[in-house]
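**Q** Fit the two chains together into the complex; they arrive one by one in their own frames, and the hints show the way.
Chains as they are written, first to last, in the numbering used here: chain A, 1 to 313; chain B, 1 to 280.
Each hint should be verified, as a subset may be incorrect.
[Claimed, not checked] Keeping only pairs whose Cα atoms sit at most 20 Å apart, straight-line, the calculated SDA-like set for lysine to any residue is:
(1) B/Lys170 x A/Glu30
(2) A/Lys124 x B/Lys4
(3) A/Lys117 x B/Lys107
(4) A/Lys124 x B/Ile20
(5) B/Lys8 x A/Phe27
(6) B/Lys107 x A/Gly32
(7) B/Lys4 x A/Gln118
(8) B/Lys107 x A/Arg29
(9) A/Lys117 x B/Thr13
(10) B/Lys107 x A/Phe27
(11) B/Lys107 x A/Pro35
(12) B/Lys4 x A/Pro220
(13) B/Lys8 x A/Ile111
(14) A/Lys124 x B/Val27
(15) A/Lys124 x B/Thr13
Because the hints were derived from the structure by calculation, they are not lab data. As the structure is a computational prediction, the values presented were derived from the model and not from experiment.
Residues per chain, in single letters:
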Amino acid sequence: MGRRPATWHEVRSASFLVQELALKGRFLRENGALPLIAPTLVIMAVFTVLPLIEGFRLSLTNASLINKGAAFIGFENYKQLYADPNFWLAFVHSLILTVVAVGLQLILGTILALALKQNVPGIKFFRSIIMASWVIPVAATAVMFTFMVEPGYGYYNIILNAVGIKVNTFWFGSLQLAFPLIIILHLWRNVPFYGIAFLAAMQAIPDSQYEAAEIDGAGPLRSFFTVTVPGIRNMVIVMVTIHVLWTFNNFDMVYLTTGGGPVFATEVLPVYLYQQAWTSYATGYASAIGTIMFILLMIYFIIYIRIYQRQED
Amino acid sequence: MMTKRHRKATRITLTYVILIVAFLFFVLPMLWITYSSFRSQGAILSGSIVSSAKEYTFDNYKLVLSIADFPIYFWNSLRIGLMVTAAAMVLSILGAYGLSRYPLRGKNAYIMGVFSTQMFPIVLLLIPIYNIVFSIGLFNTSVGIMLGQLMLVLPFAVWMLKGYFDNMPKEIEDSARIDGCNLFQTLWRIVLPISAPGIMVAAFYSFVVSWGDFLVVSVISQSLKTATLTLALQRLSSSLQLRWGQVAAATVLTIVPTILMFSFVQTRLVEGLTSGAVKS
Numbered sequence: 001m002g003r004r005p006a007t008w009h010e011v012r013s014a015s016f017l018v019q020e021l022a023l024k025g026r027f028l029r030e031n032g033a034l035p036l037i038a039p040t041l042v043i044m045a046v047f048t049v050l051p052l053i054e055g056f057r058l059s060l061t062n063a064s065l066i067n068k069g070a071a072f073i074g075f076e077n078y079k080q081l082y083a084d085p086n087f088w089l090a091f092v093h094s095l096i097l098t099v100v101a102v103g104l105q106l107i108l109g110t111i112l113a114l115a116l117k118q119n120v121p122g123i124k125f126f127r128s129i130i131m132a133s134w135v136i137p138v139a140a141t142a143v144m145f146t147f148m149v150e151p152g153y154g155y156y157n158i159i160l161n162a163v164g165i166k167v168n169t170f171w172f173g174s175l176q177l178a179f180p181l182i183i184i185l186h187l188w189r190n191v192p193f194y195g196i197a198f199l200a201a202m203q204a205i206p207d208s209q210y211e212a213a214e215i216d217g218a219g220p221l222r223s224f225f226t227v228t229v230p231g232i233r234n235m236v237i238v239m240v241t242i243h244v245l246w247t248f249n250n251f252d253m254v255y256l257t258t259g260g261g262p263v264f265a266t267e268v269l270p271v272y273l274y275q276q277a278w279t280s281y282a283t284g285y286a287s288a289i290g291t292i293m294f295i296l297l298m299i300y301f302i303i304y305i306r307i308y309q310r311q312e313d
Numbered sequence: 001m002m003t004k005r006h007r008k009a010t011r012i013t014l015t016y017v018i019l020i021v022a023f024l025f026f027v028l029p030m031l032w033i034t035y036s037s038f039r040s041q042g043a044i045l046s047g048s049i050v051s052s053a054k055e056y057t058f059d060n061y062k063l064v065l066s067i068a069d070f071p072i073y074f075w076n077s078l079r080i081g082l083m084v085t086a087a088a089m090v091l092s093i094l095g096a097y098g099l100s101r102y103p104l105r106g107k108n109a110y111i112m113g114v115f116s117t118q119m120f121p122i123v124l125l126l127i128p129i130y131n132i133v134f135s136i137g138l139f140n141t142s143v144g145i146m147l148g149q150l151m152l153v154l155p156f157a158v159w160m161l162k163g164y165f166d167n168m169p170k171e172i173e174d175s176a177r178i179d180g181c182n183l184f185q186t187l188w189r190i191v192l193p194i195s196a197p198g199i200m201v202a203a204f205y206s207f208v209v210s211w212g213d214f215l216v217v218s219v220i221s222q223s224l225k226t227a228t229l230t231l232a233l234q235r236l237s238s239s240l241q242l243r244w245g246q247v248a249a250a251t252v253l254t255i256v257p258t259i260l261m262f263s264f265v266q267t268r269l270v271e272g273l274t275s276g277a278v279k280s
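Chain B with its partners taken away, still in its complex shape (with noise of 0.2 Å):
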């Protein structure tokens, strides 16, 4: 009895040891960079952790927002986001509803095919997409940007949906469709509504991937135009390097609308992401 009991005290201590330095490695540096873009840069550079009142400021926000063009950056990625995750939304949806429900001859080797491309090295394939974006005159547009990072996306976004629409019951499409229901009917009225939060994590994980790509917005942008957050970030922190202020607002300004979002679907972005391997 007592040496359950001890056992029993070994475990917690153990669970909240690992639990505060995962604390620390994990989530820290986020919130030390975050209260970093709130001092000013001789509060910084003074290396203590703790400064007088006057030095926190809203002056690091301010002079990104204003002289660095950021509002226009931070508009390109939420604009080539949205199109990303419309795009991949519209194209997985119906590829993952027709893998689940319609019979295709060697379907699994259709599965295994597009999921292999995530072996292919992308930095590989956009030499030839530089090309091919190029020569359809879709170099630095958001077009452009959004169908190379399409396919970054659609694989999983496919692999997702498809694992969610394996676990609905088919019953309530049956009957849709006996009531004269055609396919993209049934999809609308019954399938989208049903499924909604599966379809979120797929389009949070689309959205998330195409704000956070560094490598395809740096081979087809060419300009403002089309320059996204990380761009401006790189830039950012390679020109200012030691105005550490601005450049912790910044980045604050590219992490917040991730982890907002992320804050909305985290339980159901991991039943997403493994139900394919945990149902196997």
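The shape of chain A in the complex, shown without the other chains (with noise of 0.2 Å):
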């Protein structure tokens, strides 16, 4: 069979093909990377924006987990949100709880990295298991404080009455001691995280920094807030972001120890929403629930955008 001339439109298709591929070339030369974090942004998106997305339209609907069709009913949700004093008692706890927690873990994380950049006999081993108490699971955690704080038996009361103070009490029962203690497991777990990390940047501070503090006559103290301050304050910054996000989203803290009791006296606002959706099984009550926490967050992340972009101007 001989080889006949290619027609016009052939030419034409051809032509649009070989530009189209060096388009795709072209894109892929200048987007190389894209192929290769897809399939982690599919999973992203599938897992986390959609669901967002999703957990807004049914904080619009009466939906539940035992029926099955739900109807849409406007912002009625949020406005029985907005009489629930149950919620408001765990919307006040979340933002003490966050505040408070990650406050404390700033101020006792930067004290312990002071200690641990110390070179000091014994202290490498010390820096290597501080750290034990962040990688153990919450579960165990909270398994670990019950025990720990039970009357008569438990190792918080065993040392209290050592030293004469008698507590009696099981501190999760009790109305004064269980938020505090929800704060103190938070410290436990976090504060070590804060102190490795506050010792990672101050030792990438270099020596002659303090040298040349201390032959401008500064002392201890002013060194510190001259150098080691200005020193960690990037670390300073994204440990705070990221402990603000994970303290005011975390659950199994409360969830495991009281469960927001007693008397929602540890009622947060995660394990409000969690009790809502899979307890009382109201799926769009909950869904309203964690739309408020996210418009919390993306306050949040918006005013430290701008603070943030304010100091780098």
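**A** Right, here's the structure in full:
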């Protein structure tokens, strides 16, 4: 079969093809990372972005885990939330928990880092074991602390009794002690992480800066504020930012110790949402709580970006 | 001269005071529960710190391992943890390597985008995720749980590995490319061996997050087929409220794998977790 000359039509479509391939080649050359990151992006989109949007949609319905049909009810759930005293209690607790826990973590983490930085005998051992509390499951932490605050035979109560303070109550069951104990749990888990992270940042500060400060006549306190603090500033920002998100969104520390009790004394938003969704089956109502949580975090994020940008200028 | 020596003594004393308090607060609770797991119920409830020799026992471990379906929970945790780690490593090595070595228009926006998902309340996301997992037939399966846990792990894993790859010299890869290696050969033969320490940290992080997860499992798991140790611990500590010896033994068995792995990566863990922040 002899080769017939290509028709104009064929020439045009072939040139289109070549052009398209060239475009695609150029697109890939300029965006070579895309095919490699795409699987991650798809998973993140399907399991975070879509659910977030779907969660907002559900919050406008009376969806329930047991009834299949859900009706659009506008902002009815939000009106109910506004009138729900337990929601406001959880709201206030979440804010206090986040601010107090992260604030204390920052202070104690800095103190711990300063101690870990000293080259005293045994320090290597300390640096290596101190972060163990961060890697164990929160469920184990919850059991450990429940055990430790048992009246009579708990570790905390044994120590306190030994120094003459008689606290023979179960702390998690006490209206006064349960909430502070939740904060202590957050400290227990996260302060070593702060300590080690700040230590890493402090070790990156060149000695010459401290020597210069000393020549200028700065004492330990002044060189801390003029050399150390600026040196670890970026690390502080990173740690505080992620811990505000993690603490505010944290669910299992409260759920696995007190479940929000006694009498709502430790109720926080993630736990209240979980109970609404999976115990009361009020999916729509729970989604409204979640949407409010997201809006609060967005506000935090926007304020944070603003402040950050202003400082950069 | 005197004041300088004086100051040094104060500093060392202060350091040890802080370290001892830190030890009592952070480390001793773990030793205490380990110690208690070898004591009889009576010895624990006595409130004394030391008891007579015959009250130390392995019974708690024997009981937990024989009656409480504990080995099944353990295997479920291990299987899901390994699946999450493997999937997270494949995805994040490819993604992080791509972001580190190849161009992408609006790259920072992608990175910010992936990271900003950390801001989303996971408890909220789980309601639709439950529906998604249910509708694709993965409810109460390991794969369903793995998919749910991947979104907890991926942003950090990608970020850690990208930081690691950014600090790695490109020259060897370029010469491998010239020798005719394609992307996957370069990754497999050159990049993975060199970056093994960084990958170990990211893998450890993925495993620990999966191993410690309670929230996702509690929603997607429905039976013993997929229930993990964290669920078991919760059930054990609420049902056997006063059997503290057994609860302690179960807790120790849950902690030990993570602590063991931690001891292998501990110094590198900090570098990995904080490399991005120290560098900037």
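**Q** Holds or violated: are the alpha carbons of A/Lys124 and B/Lys4 at most 20 Å from each other?
**A** violated (25 Å)
**Q** Within 20 Å, alpha carbon to alpha carbon, are B/Lys107 and A/Arg29?
**A** holds (14 Å)
**Q** Hint check: A/Lys117 vs B/Thr13, CA-CA at most 20 Å. Holds or violated?
**A** holds (14 Å)
**Q** Can the restraint linking B/Lys107 and A/Pro35 be considered satisfied, given a maximum Cα separation of 20 Å?
**A** Holds, because 13 Å separates the two Cα atoms, which is no more than 20 Å.
**Q** Sort out whether A/Phe27 lies within 20 Å of B/Lys107, counting only the CA atoms.
**A** holds (14 Å)
**Q** Starting from B/Lys4, check that the Cα of A/Pro220 is at most 20 Å away, please.
**A** holds (12 Å)
**Q** Compare the distance between the alpha carbons of B/Lys4 and A/Gln118 with 20 Å, and conclude whether the hinted pair is satisfied.
**A** Roughly 16 Å between the alpha carbons, so the hint for B/Lys4 and A/Gln118 holds.
**Q** Can the restraint linking A/Lys124 and B/Ile20 be considered satisfied, given a maximum Cα separation of 20 Å?
**A** This hinted pair holds, its Cα atoms lying about 14 Å apart.
**Q** CA of B/Lys8 to CA of A/Ile111, is that 20 Å or under?
**A** holds (17 Å)
**Q** Can you confirm whether the C-alpha distance between A/Lys117 and B/Lys107 stays at or below 20 Å?
**A** violated (37 Å)
**Q** Below or equal to 20 Å on CA atoms is what counts here, so check B/Lys107 against A/Gly32.
**A** Holds, at about 11 Å.
**Q** Given the proposed pairing of B/Lys170 with A/Glu30, does the C-alpha separation stay at or below 20 Å?
**A** holds (19 Å)
The structure fails hints 2, 3, 5 (numbered hints given earlier, in ascending order).
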